[in-house]
Amino acid sequence: MKSGPIELGESKSLSPKAGVRRGVSILDFILRILAFIGTLGSAIAMATTNETLPFSTQFIRFRAEYDDLLTLTFFVAANGVVSAYLLFSLSISIFNIVRSNAQSSRILLVILDTAMLGLLTAGASAAAAIVYLAHNGNARANWFPICQQFNSFCERISGSLIGSFIGVAVLILLILLSAVALSRRK
Numbered sequence: 001m002k003s004g005p006i007e008l009g010e011s012k013s014l015s016p017k018a019g020v021r022r023g024v025s026i027l028d029f030i031l032r033i034l035a036f037i038g039t040l041g042s043a044i045a046m047a048t049t050n051e052t053l054p055f056s057t058q059f060i061r062f063r064a065e066y067d068d069l070l071t072l073t074f075f076v077a078a079n080g081v082v083s084a085y086l087l088f089s090l091s092i093s094i095f096n097i098v099r100s101n102a103q104s105s106r107i108l109l110v111i112l113d114t115a116m117l118g119l120l121t122a123g124a125s126a127a128a129a130i131v132y133l134a135h136n137g138n139a140r141a142n143w144f145p146i147c148q149q150f151n152s153f154c155e156r157i158s159g160s161l162i163g164s165f166i167g168v169a170v171l172i173l174l175i176l177l178s179a180v181a182l183s184r185r186k
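Residue numbers (full-length UniProt numbering): 1 to 186.
Careful, some of the hints might be misleading.
Unchecked claim - Now the in silico label distances, taken between C-beta atoms and shown as ranges:
(1) G19 x F88: 26 to 32 Å
(2) A139 x L90: 22 to 28 Å
(3) I37 x L176: 38 to 44 Å
(4) L87 x S125: 19 to 25 Å
These are computed hints drawn from the structure, not numbers from a lab. Since we're looking at a predicted model, the values are computed, not measured. Don't be surprised by glycine CBs; every beta carbon is placed ideally from N, CA and C.
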């Protein structure tokens with residue numbers, strides 16, 4: 001221990017463990033922002049997807065919209081819920097940066113992240129099945145591929161899956177990161 005008065009400008013330095021915890025918390029915050037951008041972008045891209053094709057006359061048109069299929073509507077809802085959760089969880093992540101010893105908030109995030117991972121995976125996987133059918137069809141079910149006619153529609157719904165699956169991967173990383181941070185507390 002150092003004896004004598006403390007000089008101005010001298011500050012307590014963080015212990016190496018606290019510095020690592022703070023770094024993990026900052027990485028957690030950055031990954032949450034990345035997942036938020038991916039899921040919000042996917043929801044917006046899918047929700048604004050539609051295409052209209054003219055038929056032989058100007059009065060008859062074929063239109064494809066995301067809400068024609070309940071699976072794609074579920075995809076938008078799931079991505080919207082996960083985006084809202086990720087926005088909310090940013091405040092808890094900031095709390096973990098400030099108080100790097102907080103353990104109960106990190107446990108709460110692991111539980112909620114796992115639930116959101118399940119929801120997002122369900123929505124993205126269901127939408128991926130529909131996108132596959134839109135591209136390739138199914139001869140046994142008389143489902144014809146529609147992407148030859150609705151090319152722009154199919155490109156947008158396929159592209160919106162990318163952000164959602166990025167969100168899935170980032171949520172997996174967040175869960176693993178939190179689990180590692182919790183296991184190294186002692």
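Looking at the structure, which of the earlier hints fail to hold?
-> 2 and 3
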